Amino acid sequence: MEFTAKQIAEILNGTIDGNPEVSVNNLSKIEEGKPGTISFLANPKYEPHLYSTKASVVIVNKDFTPEKDFSATLIRVEDAYQAFAKLLDAYNQIKINKSGISDKAHISGSARLGKNVYVGEFAVIGDNVKIGDNTKVYPQTWIGDNTTIGENTTIFAGVKIYSDNLIGNNCTIHAGVVIGSDGFGFAPQGDNYMKVAQIGNVIIEDNVEIGSNTTIDRATLGSTIIHKGVKIDNLVQIAHNVEIGENTVIAAQTGVSGSTKLGKNMMIGGQVGIVGHLNIGDEVKIAAQSGISKSFRKGSIVQGSPAFEYVKYNKSYAVFRNLSNLWERVNELEKKIKE
Amino acid sequence: MEFTAKQIAEILNGTIDGNPEVSVNNLSKIEEGKPGTISFLANPKYEPHLYSTKASVVIVNKDFTPEKDFSATLIRVEDAYQAFAKLLDAYNQIKINKSGISDKAHISGSARLGKNVYVGEFAVIGDNVKIGDNTKVYPQTWIGDNTTIGENTTIFAGVKIYSDNLIGNNCTIHAGVVIGSDGFGFAPQGDNYMKVAQIGNVIIEDNVEIGSNTTIDRATLGSTIIHKGVKIDNLVQIAHNVEIGENTVIAAQTGVSGSTKLGKNMMIGGQVGIVGHLNIGDEVKIAAQSGISKSFRKGSIVQGSPAFEYVKYNKSYAVFRNLSNLWERVNELEKKIKE
Amino acid sequence: MEFTAKQIAEILNGTIDGNPEVSVNNLSKIEEGKPGTISFLANPKYEPHLYSTKASVVIVNKDFTPEKDFSATLIRVEDAYQAFAKLLDAYNQIKINKSGISDKAHISGSARLGKNVYVGEFAVIGDNVKIGDNTKVYPQTWIGDNTTIGENTTIFAGVKIYSDNLIGNNCTIHAGVVIGSDGFGFAPQGDNYMKVAQIGNVIIEDNVEIGSNTTIDRATLGSTIIHKGVKIDNLVQIAHNVEIGENTVIAAQTGVSGSTKLGKNMMIGGQVGIVGHLNIGDEVKIAAQSGISKSFRKGSIVQGSPAFEYVKYNKSYAVFRNLSNLWERVNELEKKIKE
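Residue numbers (our numbering), protein chains in the order written: chain D, 1141 to 1479; chain L, 1141 to 1479; chain F, 1141 to 1479.
If you are wondering where the hints come from, they were derived from the structure by calculation, not from laboratory data.
Since we're looking at a predicted model, the values are computed, not measured.
Errors might be hidden in some of the hints.
No copy labels: a pair is met if it fits in one copy or bridges any two.
What the hints assert, rightly or not - DSS-like mimics (lysine-lysine), calculated; alpha carbons at most 30 Å apart, straight line:
| id | residue 1 | residue 2 |
| --- | --- | --- |
| 1 | K1226 | K1208 |
| 2 | K1202 | K1404 |
| 3 | K1478 | K1185 |
| 4 | K1226 | K1478 |
| 5 | K1368 | K1255 |
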């Protein structure tokens, strides 16, 4: 598909500097822009690329003032980054627009599917499953009995959702994710362990995104809960009975242990480990690779394993880098004192 | 299904305090207990919930003495937690009781299946595979040629087991687990690497549980061995030729490198890394996020990256938290000495 | 299949010490060697096993001089380890030699398959997919629309490759790998986040091996690129727009954040975390569990979280182990100064 700068400006509610009839058929980064593509400039650091880019159209912020000549047509908008993200999204929607129910899928007679649902080949939809309108279930996905999935949700290939779980509206769940596997619960019995059956479930609210091969365990009793707007990256582990507050963001390979409650709007770096039974406040920020061994108050910024206050950690670590020097200086002092 | 307190007390070999005819149809946590559910009280910390819970029946330890009024019927047993776990398990068995061979599965003509086996849709059972009685193979699972699986084992959806492996009795393998992929072995050849073929296998003994999306590599030669009773959480990596002793428990996202031998009854925290070719003693405990770079003796408790003795680590870390203070004090001492 | 020592010596271009007619039908480790197997001795540490092994044939380096008696026939070659690896590989090729297109696979009418391709049961091959000669696609694999796969590549069971990606020749991709899932990109919008669509792709060049359940995200725009000869272990996370230089080796559970560029011939230990937007030089070595927060120059060897120079890290860590001792000594010094 091709669009003119004029057509795009209308969609984005923007104004044009340059030729409104120039047309584009793809998106690009400004530093790699080719003729026939549209790009954007939001971060002033990238401004020099505007003067050399071959992209035909560049979206910029309303108040942007160029300092040199350039060849692209500009579209001026309120927020160039968000405008570009909208275009990306529209492009993406067109590309992944799968529909129809494959006759190679296995769908239980008791399952209920909404309007305009996509079910790919070799997907298995269990007994009493409900799937909302416009939801996409890609090939080779397993939806266990009694699980309910909302509207406009995308479940990519090979996702495994055990029985009795609830998935909300407008969620995106990437390939290989496992939802509702048993929590890791065992009671010691002499040298052995007895499995503690896990009969709870997982509740995922609206607008949640879950990255590929992430695992979310069902609760022992009750529910593991991912509140609305949470974004979880790839290969993350969420244990049984965890609760994650709204709009919290979790980077890849982080693990949250059983029964811990995370606040809203937290930012959690990659490879963080959080022990069980904690209660972490809203807006807490955790640096990558930190180990959280106790609860922190709202707004704390922490680092380390075990983690403590971020600024203090970095002061300690600055000394750690020179620790052999400190050791020698103490040796020297002891020698002098002896003298 | 509904059961009276009296019926449950008989199953659990317990005695009743209160109305033996009250009936329940689900299990609950004592702090969230609703009418018609059964709960338990084992940890004295939770005792206050007994006096407010709406659960109809609560299982308690034989010698428990309440200090206030409460509404629930009590069932007194030897060990309240284990009794409740038994109930959970019975409830779970009823729920996941799948059976039959789907005609949408692909089963090689040379495979041999025991009695009462479940094979779900789109599972692939390779040549010469043997599956024991009462074993469940969920949808979309791949069992490679010549692999043998014991009795009463559950393989959840999408598990991938390569050829020539052995899985024992009474195992539970969760969705997305990969067993028998190639060990990570490459021989340098100038700037490139030559792959070292991995022709060994994986042996998993009885009563092992493996969490979702965990990976266990086959041996280069010989076998990667998981001994009986081992419990492995989600997203764990077990490299080629590793051997894990009986009843060792490994939390999520831990990795064990090639040819390392772990002892029996170890407890390994989450996100631990263990280098290759070590020999770790029985009952060693490793704190979360530790890095194990050398062998430790039986019963050691260790922490750190690289790890050393737990108590000593924590003493060092207590000073680390105040390291900039120590630095300043040494500066001060040097100044005074100069004077 | 059985081979005589003489036949194997011819294949390996080696010379024989002992009975050339002894025959073998399997490979073994020298310390576990049984009659009828062939083993190798490269590391002098293992030499004592030669004098006790029951392996019928042992491959050794050309210049090896035994110091005691032994029963095996020797085959002398230029490099015993590489010669043995070649044998392993030949054995492996025979074992995994699957072929044919399953009529239970789903292959789009617009897909183009080369000669001698294997497609297993319940695989899904999307629209406009191209697959080169001699490539194997195992059961339950998903190849999204417009993806191209080269020749002699093996894609094991359950791999999920999204649309529009490129996979090279002679690659091995293990079970459960996800390639081309969305990068983790969200733009803050008040308390919420707006998803940034990810419309780029993943390019994997020739001779790359990727371990089970590893995830590689597609680029936002442009490509995530894995250059030729790269070896990636299990459960590794590669974020959007990352570029990995030729022949770099990455151990299990490591994560590389968005837009970071890794050099050639790097060696990266397990559970390493690398932040985004860095540029790491060729041949850099990173110790396991390190956290890389800044770019390092060619040939650096680093450790720590955040990482710095390896030797210096280890000096600091040696003091860290005795940090409470240092603290007490400073207390003592202060006391003495006061006096």
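Taking the hints in turn, this is what the structure says about them:
no., hint, result
1, K1226 x K1208, "within (28 Å within a copy, 61 Å between copies)"
2, K1202 x K1404, "neither (32 Å within a copy, 42 Å between copies)"
3, K1478 x K1185, "neither (58 Å within a copy, 49 Å between copies)"
4, K1226 x K1478, "neither (72 Å within a copy, 66 Å between copies)"
5, K1368 x K1255, "within (24 Å within a copy, 45 Å between copies)"
Checked against the numbered hints given earlier, the structure breaks hints 2, 3, 4 and satisfies all the rest.
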